[in-house]
Amino acid sequence: MLYYFFRFLEKWDIPGSGMWSYISFRALLALILSLIISIWFGEYFIKWMKRHNATEAQRDKSIDPYGVEKKGVPTMGGVIILIATIVPCLLFGRLRNIYMILMLVTTVWLGAIGFADDYIKMKITKDGLRPIYKLIGQAALGLIVGLTLWASPDAVIRENVSQQRQGTESVVYKSEPVKSTVTTIPFVKNNNLDYSSMFTWLGQYKSAATWIFFVLLTTFVVMAVSNGSNLNDGMDGMCAGNSAVICVALGILAYVSSHIGYASYFNIMYIPESQELVIFLCAFMGALIGFLWYNAYPAQVFMGDTGSLAIGGIIAVTAIIIHKELLIPILCFVFFMESISVMTQVQVAKYGNKRNKKLRLFKRAPIHDAFRIKPGQLAPDIKVMLNWPKGCWLESKITTRFWIVTILLAAMAIITLKIR
Numbered sequence: 000m001l002y003y004f005f006r007f008l009e010k011w012d013i014p015g016s017g018m019w020s021y022i023s024f025r026a027l028l029a030l031i032l033s034l035i036i037s038i039w040f041g042e043y044f045i046k047w048m049k050r051h052n053a054t055e056a057q058r059d060k061s062i063d064p065y066g067v068e069k070k071g072v073p074t075m076g077g078v079i080i081l082i083a084t085i086v087p088c089l090l091f092g093r094l095r096n097i098y099m100i101l102m103l104v105t106t107v108w109l110g111a112i113g114f115a116d117d118y119i120k121m122k123i124t125k126d127g128l129r130p131i132y133k134l135i136g137q138a139a140l141g142l143i144v145g146l147t148l149w150a151s152p153d154a155v156i157r158e159n160v161s162q163q164r165q166g167t168e169s170v171v172y173k174s175e176p177v178k179s180t181v182t183t184i185p186f187v188k189n190n191n192l193d194y195s196s197m198f199t200w201l202g203q204y205k206s207a208a209t210w211i212f213f214v215l216l217t218t219f220v221v222m223a224v225s226n227g228s229n230l231n232d233g234m235d236g237m238c239a240g241n242s243a244v245i246c247v248a249l250g251i252l253a254y255v256s257s258h259i260g261y262a263s264y265f266n267i268m269y270i271p272e273s274q275e276l277v278i279f280l281c282a283f284m285g286a287l288i289g290f291l292w293y294n295a296y297p298a299q300v301f302m303g304d305t306g307s308l309a310i311g312g313i314i315a316v317t318a319i320i321i322h323k324e325l326l327i328p329i330l331c332f333v334f335f336m337e338s339i340s341v342m343t344q345v346q347v348a349k350y351g352n353k354r355n356k357k358l359r360l361f362k363r364a365p366i367h368d369a370f371r372i373k374p375g376q377l378a379p380d381i382k383v384m385l386n387w388p389k390g391c392w393l394e395s396k397i398t399t400r401f402w403i404v405t406i407l408l409a410a411m412a413i414i415t416l417k418i419r
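In terms of numbering that gives the first Met the number 0, the sequence shown has 368 at position 369, counting the first letter as 1, and numbering is strictly consecutive.
A few of these clues could be false.
Claimed, not checked - Okay, the calculated beta carbon distance ranges per label pair:
{"#": "1", "residue 1": "SER151", "residue 2": "LEU89", "range": "17 to 27 Å"}
{"#": "2", "residue 1": "ALA53", "residue 2": "LYS178", "range": "26 to 36 Å"}
{"#": "3", "residue 1": "TRP149", "residue 2": "TYR43", "range": "40 to 50 Å"}
{"#": "4", "residue 1": "ASP126", "residue 2": "ASN355", "range": "20 to 30 Å"}
{"#": "5", "residue 1": "PRO152", "residue 2": "GLY260", "range": "22 to 32 Å"}
{"#": "6", "residue 1": "ILE259", "residue 2": "ASN189", "range": "15 to 25 Å"}
{"#": "7", "residue 1": "LEU89", "residue 2": "LEU393", "range": "25 to 35 Å"}
{"#": "8", "residue 1": "LEU393", "residue 2": "SER196", "range": "28 to 38 Å"}
Unchecked claim - Below are the SDA-like pairs computed for lysine to any residue, each with C-alpha atoms no more than 25 Å apart in a straight line:
{"#": "9", "residue 1": "LYS49", "residue 2": "ASP126"}
{"#": "10", "residue 1": "LYS178", "residue 2": "ILE131"}
{"#": "11", "residue 1": "LYS70", "residue 2": "PRO379"}
{"#": "12", "residue 1": "LYS49", "residue 2": "ILE38"}
{"#": "13", "residue 1": "LYS125", "residue 2": "ILE135"}
{"#": "14", "residue 1": "LYS70", "residue 2": "PRO297"}
{"#": "15", "residue 1": "LYS353", "residue 2": "PRO379"}
{"#": "16", "residue 1": "LYS373", "residue 2": "LEU360"}
{"#": "17", "residue 1": "LYS396", "residue 2": "GLY71"}
{"#": "18", "residue 1": "LYS122", "residue 2": "LYS178"}
{"#": "19", "residue 1": "LYS417", "residue 2": "ASP126"}
Please keep in mind that the hints were generated in silico from the structure rather than gathered at the bench. Note that CB positions come from ideal geometry on N, CA and C, so glycine has one too.
Required output: the full structure, derived from the provided sequences and hints.
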């Protein structure tokens, strides 16, 4: 809203109003304001939740190796993140921008699903919202995002084309923005992959099949990353810290994709109007960092599904918009390991049950729990296939080391712009 107000004042040559046309200025304002909101509002939110006894016992002494039992800690802290993200975007963003609209819809949609789950856990049953309903909600959002990117005339790209001139390679862009299912392949010199190349055998139906595939892929990515971030939210500061690092990497990728000069330098596709993603991501990153003020060990508030589901969806939708979804396995490797550890643990346990054995792949799942189990904490009749590490780590150390891994992977994702 303030963006449009100051752009109006610019017509009257009001000093300083022209600064609002700069992405860097608005992005930094969004970052600062979201930090302030999350820290200021967080204090009042925590006090309000405690007064209304809206708390959750996250785990008991049998899980924590040091016998720490967390009771009386408010949940639904994701509300802090959502509000601290949305308010700066409404103030500093261009609200008619299709990408900003998609990000706000993603935030509210998945935040509402997570809120319903947390509320049911507190007031009705500790199992929360049935998993099938959460999956349906995530799938519906994926379909909305995919169909919007297909149907909206504003969701276009200008594809990069390498040319050889007098022995030098230069990058030019096709003159007209087009609807495209092209994506970026990491570590490959000619780094554009058009999904339509997989459907050439369908002849005249190739275009329709390609867009159907794109919409289904978008749905899968949203569901996978959203559930991965949800599983990663199991230790104080874990999910918020990892997500903030991922947001920095996505912000850099979004900025270079929205700037024709930088996009040409890195030989990636140019995505007009995607600079609004930088505003959103700066607000989101500030909200996550501000949330750590209260969520760092020992946590004064838990994120809950209100935050963790929305976080994964935001990361997934951003990557899809800037056509970097194939970088997600690198950027969100920690999230995927959490999901894979749970799925493999369940399958190994089922395999063992058929043979009347208590068999486990890891000491515990999700994978971050395996690092805080002391020797002898598991039942003696349970056989663990990957019994590592032998000892156990402090929760704060596990969280910090997961952050370090995510920083390394985020740096690798950015380096893929040049390593081909």
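Hint check results:
1. SER151 with LEU89: 17 to 27 Å: Holds - the Cβ-Cβ distance for SER151 and LEU89, about 21 Å, lies within 17 to 27 Å.
2. ALA53 with LYS178: 26 to 36 Å: Once the Cβ atoms are compared, 46 Å apart, the range 26 to 36 Å for LYS178 and ALA53 is violated.
3. TRP149 with TYR43: 40 to 50 Å: Distance hint for TRP149, TYR43 holds at roughly 42 Å.
4. ASP126 with ASN355: 20 to 30 Å: holds, 28 Å
5. PRO152 with GLY260: 22 to 32 Å: holds, 25 Å
6. ILE259 with ASN189: 15 to 25 Å: Given about 20 Å between the Cβ atoms, the range holds.
7. LEU89 with LEU393: 25 to 35 Å: violated, 40 Å
8. LEU393 with SER196: 28 to 38 Å: For SER196 against LEU393, whose Cβ atoms are near 50 Å apart, the range 28 to 38 Å is violated.
9. LYS49 with ASP126: Roughly 21 Å between the alpha carbons, so the hint for LYS49 and ASP126 holds.
10. LYS178 with ILE131: With Cα atoms ~33 Å apart, LYS178 and ILE131 exceed 25 Å; violated.
11. LYS70 with PRO379: Violated: LYS70 and PRO379 sit about 29 Å apart, past 25 Å.
12. LYS49 with ILE38: Given that 25 Å is the threshold and the Cα spacing comes to 17 Å, the pair holds.
13. LYS125 with ILE135: Holds - the C-alpha atoms of ILE135 and LYS125 are around 20 Å apart, at most 25 Å.
14. LYS70 with PRO297: holds, 12 Å
15. LYS353 with PRO379: holds, 19 Å
16. LYS373 with LEU360: Within the cut-off at roughly 16 Å; holds.
17. LYS396 with GLY71: Given pair LYS396, GLY71 holds - Cα atoms ~24 Å apart, limit 25 Å.
18. LYS122 with LYS178: It is violated: about 46 Å lies between the C-alpha atoms, which goes past 25 Å.
19. LYS417 with ASP126: Violated - the C-alpha atoms of ASP126 and LYS417 are around 46 Å apart, more than 25 Å.
In the structure shown, a violation is registered for the earlier hints numbered 2, 7, 8, 10, 11, 18, 19, in ascending order.
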